Amino acid sequence: MSIWDRAKAKVEELVGRAEEVYGESHGDAAAQLHGEAHRLEGEAEEEAALRDEAARRDPDDGAAPVR
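With UniProt numbering, letter number 58 in the sequence shown gets 58, and the count goes up by one each step, no holes.
For the record, the hints were derived by calculation from the structure and aren't laboratory data.
Treat the hints with care, as some may be off.
[Stated by the list, open to error] With a straight-line Cα cutoff of 25 angstroms, these simulated SDA-like cross-link-like pairs (lysine to any residue) come out: (1) K10 x E47; (2) K8 x L40; (3) K8 x A31; (4) K8 x R56; (5) K8 x E41; (6) K10 x E24; (7) K8 x A48; (8) K10 x S25; (9) K8 x A44; (10) K10 x G23; (11) K10 x H34; (12) K8 x G27.
Since this is a predicted model, take the numbers as computed values, not measurements.
Please build the complete structure, drawing on both the sequences and the hints.
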């Protein structure tokens, strides 16, 4: 994933956090749950991006024999 994908994931996470706070402060359970879903989706996308970057830096997939 590119830097733009990571930025998009971070924005998704922050929007979700804001929506969660709005839901909590206004007693809107639907907004709170929707915000939590956005936050978790953003966190998952960011973790996937970091994993992809780490895999590109270390191409050893474990298939090579250990010495």
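TODO: Would you mind confirming whether the straight-line C-alpha gap from K10 to E24 stays at or under 25 angstroms?
DONE: holds (21 angstroms)
Open item on the list: For a C-alpha distance cap of 25 angstroms, please report whether K8 and L40 respect it.
Closed with: holds (13 angstroms)
Open item on the list: Holds or violated: K10 and S25, Cα atoms, limit 25 angstroms.
Closed with: holds (23 angstroms)
Open item on the list: Please verify whether K8 and R56 have alpha carbons no more than 25 angstroms apart.
Closed with: Distance of about 20 angstroms is within 25 angstroms: holds.
Open item on the list: Given the hinted pair K10 and E47, is their Cα-Cα distance within 25 angstroms?
Closed with: Distance ~10 angstroms between K10 and E47 Cα, so the pair holds.
TODO: Sort out whether A48 lies within 25 angstroms of K8, counting only the CA atoms.
DONE: Status holds; Cα separation ~13 angstroms.
Open item on the list: Just to be careful, I want the Cα atoms of K8 and E41 compared with a cutoff of 25 angstroms; is the pair within it?
Closed with: Roughly 11 angstroms separates the two Cα atoms, so the pair holds.
Open item on the list: Hinted pair, alpha-carbon criterion (25 angstroms max): K10, H34. Please report holds or violated.
Closed with: The given pair, whose Cα atoms are some 16 angstroms apart, holds under the 25 angstroms limit.
Task: Pair hint K8 and G27, alpha-carbon separation not exceeding 25 angstroms - done: violated (28 angstroms)
Task: Hint consistency between K10 and G23 [alpha-carbon to alpha-carbon, up to 25 angstroms] - done: Holds: K10 and G23 sit about 20 angstroms apart, inside 25 angstroms.
TODO: For the pair supplied as a hint, K8 and A44, confirm whether the alpha-carbon distance does not exceed 25 angstroms.
DONE: Roughly 12 angstroms separates the two Cα atoms, so the pair holds.
TODO: For the pair supplied as a hint, K8 and A31, confirm whether the alpha-carbon distance does not exceed 25 angstroms.
DONE: Status holds; Cα separation ~21 angstroms.
Comparing the model with each earlier hint shows a violation of hint 12 alone; every other hint is respected.
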